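Protein chains in written order, with this note's numbering: chain P, 162 to 499; chain X, 162 to 499; chain H, 162 to 499.
Think of the hints as simulated: they come from the structure by calculation, not from any bench.
Be a bit skeptical, because a hint or two may be false.
A pair holds if it fits inside one copy or across any two, identical chains being indistinguishable in the list.
To be verified - DSS-like mimics (lysine-lysine), calculated; alpha carbons at most 30 Å apart, straight line:
#1 Lys207 x Lys352
#2 Lys194 x Lys457
#3 Lys208 x Lys451
#4 Lys472 x Lys489
#5 Lys249 x Lys493
#6 Lys451 x Lys472
#7 Lys489 x Lys214
#8 Lys400 x Lys249
#9 Lys451 x Lys207
#10 Lys400 x Lys207
#11 Lys472 x Lys249
#12 Lys457 x Lys249
#13 Lys457 x Lys472
#14 Lys489 x Lys352
#15 Lys400 x Lys352
#16 Lys400 x Lys489
#17 Lys352 x Lys451
#18 Lys208 x Lys166
#19 Lys451 x Lys496
#20 Lys451 x Lys489
#21 Lys496 x Lys457
#22 Lys194 x Lys493
#23 Lys496 x Lys249
#24 Lys400 x Lys208
#25 Lys472 x Lys400
#26 Lys496 x Lys214
#27 Lys400 x Lys496
These numbers were taken from a predicted model, which means no experiment stands behind them.
Each chain, letter by letter, is given below.
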Amino acid sequence: MSTLKELALIAGGELIGDARLDITGISEIQNGKQGTITFLGNPLYKKYLPETKASAVLTNDRALLADRNGIVVDNTQLALARLLEYFKPASTRISGIHSTAVIDPSAEIEPDVSIGPHVVIESGVQIGQNSTIEAQVVIGQNSRIGQDCLLYPQVVIYHHCEVGSRTIIHAGTVIGCDGFGFATVDDVHHKIPQNGQVIIGTDVELGANCTIDRGTIGNTTIGDGSKFDNLVHLAHNVKIGRGCLVAGEVGIAGSAVIGDFCVFAGHVGVAPHLTIGDRAVFAAKTGVTKSLPGGKIYAGMPVREIREQNKRDAVMTAVALLKRRMLKLEDKVTKLYQ
Amino acid sequence: MSTLKELALIAGGELIGDARLDITGISEIQNGKQGTITFLGNPLYKKYLPETKASAVLTNDRALLADRNGIVVDNTQLALARLLEYFKPASTRISGIHSTAVIDPSAEIEPDVSIGPHVVIESGVQIGQNSTIEAQVVIGQNSRIGQDCLLYPQVVIYHHCEVGSRTIIHAGTVIGCDGFGFATVDDVHHKIPQNGQVIIGTDVELGANCTIDRGTIGNTTIGDGSKFDNLVHLAHNVKIGRGCLVAGEVGIAGSAVIGDFCVFAGHVGVAPHLTIGDRAVFAAKTGVTKSLPGGKIYAGMPVREIREQNKRDAVMTAVALLKRRMLKLEDKVTKLYQ
Amino acid sequence: MSTLKELALIAGGELIGDARLDITGISEIQNGKQGTITFLGNPLYKKYLPETKASAVLTNDRALLADRNGIVVDNTQLALARLLEYFKPASTRISGIHSTAVIDPSAEIEPDVSIGPHVVIESGVQIGQNSTIEAQVVIGQNSRIGQDCLLYPQVVIYHHCEVGSRTIIHAGTVIGCDGFGFATVDDVHHKIPQNGQVIIGTDVELGANCTIDRGTIGNTTIGDGSKFDNLVHLAHNVKIGRGCLVAGEVGIAGSAVIGDFCVFAGHVGVAPHLTIGDRAVFAAKTGVTKSLPGGKIYAGMPVREIREQNKRDAVMTAVALLKRRMLKLEDKVTKLYQ
């Protein structure tokens, strides 16, 4: 339990109201609980404010508080992140190296690395200081994990891959599986060996059950600070820039080169060998069929700027009407001929 | 082996023909095998009836049988389910607790729970009576599994999640991974801790390699009796009602609230913060971009009622023709001016 | 290190230039490294040829080489596959049966099978000569794996499935999970037992985190020589022909029958009970809503031949213009009436 004043300090915001108010946690505004602080980031949820039972509100708009207790900040999301960190439920992280882990003697494990039950670490692996390798993770030959990484259960990393420091990988994600490459002769698909690597930068987070293929020659790379949601698929030799956000079930085909700070909503697909500029944004389900400059918002299949895509959609609505007008017009013209 | 009469009792249907006919199993109508019973549910397969070698037919239409042996029921699917249960190939379920499982002493395991090889059960976990935890499952701290559950190999359940009784979870599915939440300041994506839980109801079934994110604050929930196919992605704080059917590769974005008895076909995506009414049905690949009332069938990207979507598609076909008529009309009008 | 002459022999091509040139590996043309050979298959990359630092070039076009050193072959991809096999980084394959594997005494393991740490092999399993079962794979009761197979870590194979010889399955893929089948009565979805099998042919490759459902009655089958990318979903009773190529995140619904040598690009979905002819090709994100003859290229949702789909897309672009012309025409006609 903490006072509202303490939370204002943690959140880095301005205290409004009763400094000594006791706050026991955080609740959603639509399920606000007495004794907790709630937050109002998305204006969609403003309608719940009058009725919420939460005792205080975190917001970036002083006016919204009226005579409520609360904390006013510049960036609600960032302040919320700090409060959530503060109220995180206690969970003992694993520590030490579990006796059931199978670790090749040639592996170099730096100090303060935790390794969970049934983990498999093959020859030549390096794991940096203070990293946590949870239950049943497999790390293949000569792969390297940086410092302060967190690999959740059942992550599989094939041989010769690299994961930068402070990177988080969620359960079931596979790094370094073979790219989809075949040389077809007389209807037989001969496997093209996939000799490259996967190189993942620092401060990356990958969701659960993602699949990141290794390069054929050269590498598949994910730049520093990029974040992936669940079930994302990267094909061989894809290059993802820095600070990209990639939502669930996105698939990026072979050798595509994505700039920095791009955003992909769910189910977006990118065709092979394309180049996408920095800060491009793709709406959900976009089919990216050509290389595109950055700094714009795109949508549709095949891809277009979103405003053009929206216009096309509106035109479609107009067409039914157009058809009716056409019938009238033909009728008039016919009469002129008569 | 059983007689047709016995099977009619099991299926809860009316016996037609030879009561003492020996039946050894069930076969598909297009691959009907002598000595087996086949079924005719989907009218698409009626064409195979005259030629099928099956010795009896399960159907809801007495007339179709003509002079064949068979069983007539009201609900073919339900009767088929009963016969399949009866003819299920014997497979010894694991029993007892395998010596290689790593189980924290604080875990509460009720009687008649089976735990397979290399399972990992962390501190404070509770598992209800008669549940089966197959090989290499990981259950994180303080998570609770109900009675009569079946977790297939390599399911991963993070800490503080709940799974209701009689729920089945297929291999590789991840429950309770972090939602995709970041507070971006100056191009740096700061992680928003995901402190909530996943609460799964009773009689739920989740397919293989699904990913169910935990809530940020509050919970991600799946209602009683809902069934998911494989590779489904639920984001943080999604609420799924009771009795929903969610097909393969569907993705539902953060904080979406789905009513009861909704149906999602494959590759459907739902945008964040939407509310969907009870008994809404979504055709494959629908992109749900806005909140929608229940009781209707939807399709398209952006989403529309399916009949409107089909009309738009038909209009598109008409437009090519329209263009040709326009050219003729312009020509005529031009002549009038000359 | 090898001479260019030796590599020409391995690649099965014609040596051009300095036979004794030492080559240490393969590099990408856009990142060409001195002392390596690069390749030029896709004409998109021709622009990098003048500047590449690679010392030799593998190509199917003698003229492109000009006075460079290189190897000329008929099929660049096939020759590249051979060179990549030659330069594959050394990685010691696991050998023997790891002491932590849990293998039922009734399992029949042929000679020269390698089994990694924490593998679980249930009763009645058969594994053919020279197959490799990597760490933490689970093989369920009575399933059979052919000769020379390679199962990467954490593959899960349910009971009563069959995998043909020389088949490769990547990490996290699940074979034989239950199909999505329920008999709904009064809003309750009763499970239809899935009694069938999965039968996978020879020389198949499945990517990471795929899900292949078992048949309800009868089998789900994948024909010889078919190759799947990552995160592919096959529903119950799907039949995939020989030599098909299925890209990432494709989903094929129940009982669909796919011919031989079909190609599915990323995110394609196929509706249930359809029949697709041999050598059909589907562009990315196609929604296959009806049965289709083979030998054609398809696209769109709902599916059409790709040239028709492209025309529709072009017509859409014309429609905005059409609208403007319509306004002018109406104006003219109105004046004629005045």
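Hints, one by one, checked against the model:
In this homomeric assembly, lysine 207 and lysine 352 come within 30 Å of each other (Cα to Cα) only across copies, at 24 Å, whereas the closest approach inside a single copy is 56 Å. When the C-alpha separation of lysine 194 and lysine 457 is checked against a cutoff of 30 Å, the pair qualifies neither within a copy, at 41 Å, nor between copies, at 35 Å. In this homomeric assembly, lysine 208 and lysine 451 come within 30 Å of each other (Cα to Cα) only across copies, at 18 Å, whereas the closest approach inside a single copy is 42 Å. When the C-alpha separation of lysine 472 and lysine 489 is checked against a cutoff of 30 Å, the pair qualifies both within a copy, at 25 Å, and between copies, at 20 Å.
Proximity of lysine 249 to lysine 493 under the C-alpha cut-off of 30 Å is found in neither arrangement, the shortest distances being 73 Å within a copy and 71 Å between copies. For the homomeric pair lysine 451 and lysine 472, the shortest alpha-carbon distances inside one copy (20 Å) and between copies (18 Å) are both at most 30 Å. Neither within a single protomer nor between protomers do lysine 489 and lysine 214 lie at most 30 Å apart by alpha-carbon distance, with minima of 60 Å and 60 Å respectively. Within a single copy, lysine 400 and lysine 249 get their C-alpha atoms only as close as 34 Å, which misses the 30 Å cut-off; across copies the closest is 22 Å, which meets it.
In this homomeric assembly, lysine 451 and lysine 207 come within 30 Å of each other (Cα to Cα) only across copies, at 18 Å, whereas the closest approach inside a single copy is 40 Å. In this homomeric assembly, lysine 400 and lysine 207 come within 30 Å of each other (Cα to Cα) only across copies, at 20 Å, whereas the closest approach inside a single copy is 40 Å. When the C-alpha separation of lysine 472 and lysine 249 is checked against a cutoff of 30 Å, the pair qualifies neither within a copy, at 46 Å, nor between copies, at 51 Å. Taking the shortest alpha-carbon separations for lysine 457 and lysine 249, neither the intra-copy value of 37 Å nor the inter-copy value of 41 Å comes in at or below 30 Å.
With identical chains, the CA atoms of lysine 457 and lysine 472 are at most 30 Å apart both within one copy (16 Å) and between copies (26 Å). In this assembly of identical chains, the alpha carbons of lysine 489 and lysine 352 never lie at most 30 Å apart, being 62 Å within a copy and 56 Å across copies at closest. Taking the shortest Cα distances, lysine 400 and lysine 352 sit within 30 Å of each other both inside one copy (23 Å) and across copies (23 Å). In this homomeric assembly, lysine 400 and lysine 489 never come within 30 Å of each other (Cα to Cα): the closest approach is 55 Å inside a single copy and 50 Å across copies.
Taking the shortest Cα distances, lysine 352 and lysine 451 sit within 30 Å of each other inside one copy (27 Å), while across copies they are farther apart (32 Å). Taking the shortest alpha-carbon separations for lysine 208 and lysine 166, only the intra-copy value of 26 Å comes in at or below 30 Å, while the best inter-copy value is 62 Å. In this assembly of identical chains, the alpha carbons of lysine 451 and lysine 496 never lie at most 30 Å apart, being 49 Å within a copy and 44 Å across copies at closest. Within a single copy, lysine 451 and lysine 489 get their C-alpha atoms no closer than 41 Å, and across copies no closer than 35 Å, so neither meets the 30 Å cut-off.
In this assembly of identical chains, lysine 496 and lysine 457 lie within 30 Å of each other by CA distance neither inside one copy nor across copies; the values are 50 Å within and 44 Å between. For a Cα distance limit of 30 Å, the shortest separation of lysine 194 from lysine 493 qualifies neither inside one copy, at 67 Å, nor across copies, at 67 Å. Taking the shortest alpha-carbon separations for lysine 496 and lysine 249, neither the intra-copy value of 78 Å nor the inter-copy value of 74 Å comes in at or below 30 Å. Taking the closest pair of Cα atoms, lysine 400 and lysine 208 come within 30 Å of each other only across two copies (19 Å); inside a single copy the shortest separation is 43 Å, beyond that limit.
For the identical chains of this complex, lysine 472 and lysine 400 are neighbours neither inside a copy (32 Å) nor across copies (33 Å), given an alpha-carbon limit of 30 Å. When the C-alpha separation of lysine 496 and lysine 214 is checked against a cutoff of 30 Å, the pair qualifies neither within a copy, at 70 Å, nor between copies, at 66 Å. For the identical chains of this complex, lysine 400 and lysine 496 are neighbours neither inside a copy (64 Å) nor across copies (59 Å), given an alpha-carbon limit of 30 Å.
Violated hints, listed in ascending order, are 2, 5, 7, 11, 12, 14, 16, 19, 20, 21, 22, 23, 25, 26 and 27; each of the other numbered hints is respected by the structure.
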